[in-house]
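Asks: Sequence:
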Amino acid sequence: MSRLLVTGGAGFIGSNFVHYVLANTDHSVTVLDKLTYAGNLASLDGLPDDRFRFVKGDICDAELVDGLFAEHDAVVHYAAESHNDNSLANPRPFLDTNIIGTYTLLEAARKHDIRFHHISTDEVYGDLELDDPAKFTEQTPYNPSSPYSSTKAGSDLLVRAWVRSFGVKATISNCSNNYGPYQHVEKFIPRQITNVLRGERPKLYGKGENVRDWIHANDHSSAVLTILEKGVIGETYLIGADGERNNKEVVELILTILGQPADAYDHVVDRPGHDLRYAIDSTRLRTELGWEPRFSDFEAGLADTIAWYRDHEAWWAPQKDETEAKYQAQGQ
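Numbering (the working numbering), first residue to last: 765 to 1096.
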């Protein structure tokens, strides 16, 4: 697997994976990215020229995809429309990228008999009650609640069908909420961090009781590489780092780390259909493949992330004003 093709590698989680692979292995990496608003070439700065190249293009472009698959040993498929708020405002791009794009890649994987790993989300499982002791496992039934999560669920099912029907050499991972460097400021954690860094008050949906199971993007990257190298074809692995926190706790922790009063935030109108709680049981990944997260302490990982945003304002500032204007128009 010395030659990896990474779709969506200029996005948040994909770019972190590219940095991780090039820093920790001898693999070469090609990134295929359409460079929508969520893709940022600056996220790929500083990578070694002899082991990295970038191709601008759409995963729905079958001719382009076919040519790239012919040149590589394995594909890691991160490319996706992924922001719930955007899927509620305009679902169509989620169908195009998450369904048709994944189909296009699977057909190329089938033709070239290439190792394929599909990145998915815990949101395909719906949500859990706040007081439910259960967590999502690989056997949890799908119950998506938004255009985003339903199209990701559909893409997962396509992968499973192509494995069973056509023998495609694929695995799937469903991961909990990521945080870390290079995340667009429309997302919850970087939005709150950059608000405080700008002297503005963070924004909290509703009462802030919704719980997410947070994992640092580097831990997600190490897990994906482990699955790519050791995972059983046709299997699904859940990736999580036991980082459950409700949104109110996260906002207050960000404020505290940045030396502000813990209650210096504003409540805004809640998102329609806002899932209550996600929680991942990653026992299978840990016991069968021997993976462990490095950032097991969420507070330490969050402090590391805050330091990155403080030091990289030139990366996030161009996105900030447009993003906040959009949220303001939505009353959020």
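In short, the hints are calculated from the structure, not lab data. Since the model is a prediction, treat every value here as computed from it, not as a measurement. Treat the hints with caution; some may be incorrect.
To be verified - Ranges between beta-carbon positions, derived for each pair:
1) G1095 x E893: 23 to 29 Å
2) E973 x Y906: 22 to 28 Å
3) T789 x P1025: 19 to 25 Å
Glycine included, C-beta positions come from ideal geometry on N, C-alpha and C.
Asks: Evaluate the given range 23 to 29 Å for the C-beta pair formed by G1095 and E893.
Replies: holds (27 Å)
Asks: Given a hinted range of 22 to 28 Å, is it respected by the beta-carbon distance of E973 and Y906?
Replies: holds (24 Å)
Asks: Quick one: are T789 and P1025 within 19 to 25 Å, going by C-beta?
Replies: violated (44 Å)
The structure is inconsistent with hint 3 alone, although it conforms to all the rest.
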